[in-house]
Each structure stands twice: as structure tokens, then as C-alpha cells.
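Listed below are the residues making up each chain.
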Amino acid sequence: MSKLIVSPSPHQLGSNSVKKLMYGVLFALIPTLFVSVFFFGLGAIIVILSAVISSVLFEYLITKFILKRESTVMDGSAALTGLLLAFNLPSNLPIWLVIIGAFVAIGIGKMSFGGLGNNPFNPALVGRVFLLISWPVQMTTWPKPSPFTEKMLGYTDVTTGATPLGQLAETMRNGESMSSLGEKVPDYMQMLIGNMGGSFGEIAGFALIIGLIYMLMKKIITWHIPVSIIGSVAIFTGILWLADPVNFADPLFHILTGGILLGAIFMATDYVTSPMSKRGMIIYGIGIGVLTIVIRIWGAFPEGVSFAILIMNALVPLINMYLKPKRFGEKVKKLK
Amino acid sequence: MLKTFPKGGVHPPENKLSANKKIEILPVPKQVSVPVSQHIGVPAKVTVNKKDVVKVGQIIAESGGFISANIHSPVSGTVFKIDEVTDTSGYKRQSVIINVNDDEWDEKIDRSEELIKDFDISSEEIIKKIQNAGIVGLGGATFPTHVKLMPPKGTKPEVLIINGVECEPYLTSDHILMLEKGEEMLVGIQILMKALKVDKAYIGIENNKPDAITHLTKLVKFYKGIVVTPVKVQYPQGGEKQLIKAVINREVPSGGLPIAVGAVVHNVGTAYAVYEAVQKNKPLFERVVTITGKSVKNPGNYLVRFGTAVSDLIEAAGGVPKNTGKIISGGPMMGKALNTTDVPVAKGTSGILIMPEEESKRRVIKPCIRCAKCVDVCPMGLEPFLLMTFGEKAMHKSMEKEDVLDCIECGSCSYACPSDRPILDYIRLGKNRVGAVIRARSTK
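Top to bottom, those sequences are chains X and E. Position one of the first sequence corresponds to residue 282 (the working numbering), numbered consecutively onward. Position one of the second sequence corresponds to residue 234 (the working numbering), numbered consecutively onward.
Since the hints were made in silico from the structure, they are not lab data. Here the structure is a predicted model, which means the values were calculated and not measured. Treat the hints with care, as some may be off.
Stated by the list, open to error - Partial pick of chain X residues on the chain E-facing surface, computed with a CB cut under 10 Å: (1) I286; (2) V299; (3) K300; (4) M303; (5) L307; (6) M453; (7) R454; (8) S555; (9) G610.
Claimed, not checked - Below 30 Å or equal to it, Euclidean Cα-Cα: the simulated DSS-like pairs (lysine-lysine) are: (10) K350(E) - K430(E); (11) K240(E) - K300(X); (12) K634(E) - K284(X); (13) K350(E) - K499(X); (14) K527(E) - K284(X); (15) K301(X) - K465(E); (16) K607(X) - K634(E); (17) K634(E) - K240(E); (18) K634(E) - K249(E); (19) K626(E) - K300(X); (20) K626(E) - K605(X); (21) K386(E) - K361(E).
Each residue gets a CB set at the ideal place from its N, CA and C atoms; glycine is no exception.
Using the sequences provided together with the hints, build the complete structure.
What follows is the structure, encoded as C-alpha cells:
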């Protein structure tokens, strides 16, 4: 008999792997991908391809030539970062800006900390916020969705216009009432399917929710983060709206516009940068929801999801330290 | 809704290949090596000498203290020598090696198949008989049974919980015992209830054994105070603390024993051994062992005398298959890998699992992606990823603070980790070190 292998238990491992999880998230983003291409055409395709390809390439080059390690690009995380970065950009962004964004996301946001698992901030959002602060004009010029027209073939030359959140900010700045906003923005049904201006991955509410359901079913993520973000946004804006419906938009408007759904479902749930315990996840989610609305209503930017997530990312170590899972046998129950 | 423990757990493929195999009697080998330490606690003291003639069931080593157990000869024959022999734990232990001659049983043992229901016996007598018979927990922990029947002062047992969960994949020895020896087992449970002076007993059985649940539910009608409780198929449902929580919804406090919530847990195999000891005067010298594995020709359940070499058992199941990578004593989640099959079957051997080479090797370790799956699956509410990080850096004080000693070593964390990190290895190491630190502190 040949030699036996000896190792401590367990002798059987599950079938999960990093690769499976990452490809699972990519798969969950497919509906969103279709919707974004449907509404934004060629521009969306160009931005997605350049973001994904450059992200994978940067990770490959950095692991190979700087870190001198085995390449990790096959685990799918670099492609995922690239795709999520693309979804957070306007579809008319020039390729060179997309490439800079990918470089910051992968190079600075992820690899400078040691690669997958070590980065404190969501890499895609690091890239996005870097672009937003450095090139604010390009990053806030939003193409108008134009399905079934020849404009689908346009890229940087398409018609642009304000996003619903831009309209909201302007309405609030001018002190106009919310009823005048309703005339300027698409109705909620249109918003849900994605027929509005914005980063081309965030508009597709319905497709994002399909992705959420898929990830919950496959147990890739749990409900805690998305539900606590969306719930806290609903409650916070609901209170403001009930108190003063003339000056504040209703909760549904806030949830369907901007990056709430994309952020809550795909960005804030990033494993590496979110808390480990369920209690921590809920606090983290509430923090993101509240900060987003504070930035939207009282801040200088019309949209605040990216900033809110990055701020809460910074608090994750603290959350992990103080919000532990409930230990078994921690509280002794009184015997009956 | 089926009862289960509140948090965590995994669901590995069940692979109960030997579930429908009747108990077969493994022929007595030519020679047996019986270790004197087949239980947790002080090793037993050998009472026989070289060349002594022994009968089946005769005592050959006496309990070495309160937490210890008698060892009886599983065969009849002559003591060949007393020597150090490697057992399933991989350590050398003092053992009595007996050359078998015929199969002559001690006259006191009732070898008939007749079911005896004699409950006219006092609690003290029961405990004494169990202690004399050398019975230990047969679920795998091998803690001496009589100790669990004598609760410490200030505690009072309220319920007896019988563990028929068998949540380890592959293993079926408890399952088949429930089917074939159900009636005897219930008498054993009744005796245990009498010993503990409790009037309520629950038999927890995982829902993947519907035949055992139906069978025992039919039988319990004739026994007072015994209830069959089906529980959800969820590993580690058979963990003592998890089972108590699932069945009677009480949480054993951190660092505490089940008796702290009024519960005493015994395995179904132990209940059967108690029946044999108390009603048939038969000490513990054989048990049902599952021999299984995907590549094994004839997986099955065998009644094996202690001291029989594992290799004999494997032979009976068709020999060691080609491409064998690992041979495990116990199940795939908590069993111990053997480095040789030349080790004796003992009281704690619930099964022998053979794994093909491709399933035996560990996977490449990838970085932690902080997915929190280990936190989700930990049935004790610990943070395995954090304990591993502390373990890697030898930060034992931090491990203690993070309740590493609460870990029941079920392995759910390592099982669930998508990065194939050996989380439990580091936790186990940490537990060992922290335990030593605490012991050193208390002796100061």
C-alpha cells in the first residue's frame, strides 16, 4: 500500500471557491448589462470593454512585474471591479479617462494594499470618485437614453441632459416645489426599467433587483446590507417627505434614482470592504443610507452613494471590533 | 418546522453509502491488541500477566480513577504480551495483546436474544453495573458514562437527551443500531432515565433517517416518558450543545456543561451498551463500526471486537481500493486520518472511511476575501477568520479574548471557506496554547 495522507479534520471541503463567487456576481450583472446597452448603445459597450480589459490588464501587469507573484486575474475579481467601475460612469466618457479610472481602481484601490482581500476601500468606487473629483465636467455630463434611434451608435457626441437627481438638486436650489419636479423627470415606471439619465449601470432598477434575487438565491450575499441601505433611505426620506412634501422628494424617487440600487446591491456588498457580522452589516447599511441622503439633500453633490459607501468602508474595522456576532451560550437563559 | 440549532452549520453531501446494510458480525481475528486507554481520562491499569488465560468479557485492565473505565477482554485466549501499540490517535499506548483461542465467553453473560425488561433495580446499582462494564460515550468522545450519570453537587438533571443524530456524512452505525436494536435501546434509555432519576427523555434523530424515526416512534408508545424528536439535517446537529438547543431550546452557557441547563446527553450506541450491561451482564468489548467510502467495494456495518486491526475490517469490505489517499477513523468532518491500518478498533471507533487520493489532498490556500461565510456557519457564534489571523500571528491572548475555547472543532468554517483556508488548524493550535496558558495561570 502506498503512503497514506495524514492531515487534521475536516477531510472534506465545500465546493465554494473565490472564482465561483466572483463569476456568480458577474453573472448577476448580466441583466443590468443588457439594459444599459439597450438604453445607451455603443457608448456603454465601449466604456464596459475598456474598463474591464484595462482592469484585468493592470492587475496582470502589477502582479507579474511589481509584486512578482502568480497572476490572480483568473479569479474574476479584476473583471468584476472593471465592470462595476464601468457601470458607475457616464456612457460618453472618453476611453482615456476610463483607463485612468481603471488604473486608480486596480493599481491604487486594490493592488497597492496587497491585492484581493486586503483593500479597505471598494476599488471601483475609488476609481470612480477619483475621476469625479479630477474631471467633474466629463463625469457629470450625462447622455440621454435613446433606444431604437441612430443615436445608439454615438459615443462622445450624444445628446446630454440632467439626471433626475440633478433636476432634484436644481429644484431644491431654486426653492421650487416638488410638484414642478414631477414634470421634468420620467415617471416611476420608466425609472424602474431604466429609461433615464445617469451612470449607465445604475439606471436599470429592475435588472439590478433581478441580480439581487439571483445572488440571494445562490447565497452569494445575504439580505442584510441591501435591505438596510434601501430601508434606511426609505425611512429617512419618508420622514422628511411626510413632514414637508413640498420641499422634499418622496422615498420612491430617492430609491429609484441615482446609485442607491446599484450601490446597495453590488457596491456595498463587496465582501472585502463590508463588515463580517450580521449586526455590523446592518449598521453599515444604515450608515450608507443615511449618509447618502444627507449628501443628496444638504451636500454639494446631487448624488452621494459613492461617498457614503467609501466613508462607511473606512468605519468597517471599527464596526468589526465592536459588533461581534452573538456568541452561543453568551446569555444564560433562566430555567423554567 | 423541524427543530434545529439557531445559528450556523453547513450541509455537506450525506453519502450514507452503508445506510441499508444490515449489521454483520466480523469474524474474531487470530490476535487482538487491546489498548488500556480507549476513553477520555486516566488509562486503565492492566490486571493480567503474560500467558494468563482469559475469557470473553473478563476484565483485563481496571479503571485507573474516577474518570476512567474498565477494559474487558474481547476474545478468549492467552495473553501474548503487554506492549506499546499505536492506536487510532496515532500515539503509542499500552495494550494487552492476546492470542485468540476459540470463543469462550464469561458464564455471567447472557447470550440469548431474549429481550429483558427488568426495571426493578436501583439507581446506584445501575451506575455500578455501567461502571463495571466499562461503558463510555460511543458517539466518539468516549467520556466514561458513569461520570455523566453522577451529576456534581448543586446540579439536578431534568431531561435525558439521546443523540441519534449521526450528522457526520458517511457514518451509519448509529442508524442501523436504531433500526435493528431499537427495542433494546429503549430499554437502555429507560434504565438511564432511572439512573438519572429523570422522567423525560428525547431521542434526537436527523430527518434523513425517516425509517429510524418511524420505527422508534412506533416503539416508544410502550415506554413512559420517551419522545422521538426529528431534527433538521444540518451539520453539526449532533454537537452536544447544538442538540440540546434544538431539542429543548436551552443554551448551555459558554464554558459550561450540559448539566448547567439540566440536560444529560448520551449517544444511542451508549444506550444500547447500557442495555447489554445492565440486563445481560455484558461488558463493552465490541461495537458496530461503519466501513465506508466511495471507492470501497462493499461498504457496510460490522459488529467488531475491540482490538481487531482496522486492516481486517477493511479486508472484510473488499480490501483497500486502488488510489486510496486517506483512511480516516470517524467521519469526514471530525475524524482522524490514520497513517497505518495496523491499528486496533476501540470503543471510540464509529467508522472507518476510505477516501480516494483526489479527494484527500488539501487545496491551494488563497487569500481571505472577508466574505464572512465562516462567521455565518460557525454554530458557536465565533469569528473563525479572526481566530485564524490571531493564530497565524501567535496572538494567544487575543484568541482567548475572542472565546477560542468555545470552539467545538466541527470544521464548518474550513468547510465553507471559498479560499480553502485551513481555519480550524489554527484554531485548534490556538485552543491548545490557550488551554496551556490558562492551566499555567491557575497553578500559580
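So, against the hints stated earlier in the document, which numbers end up violated here? Checked against the structure, the hints that fail are numbers 5, 6, 7, 12, 13 and 18, while the rest are satisfied.
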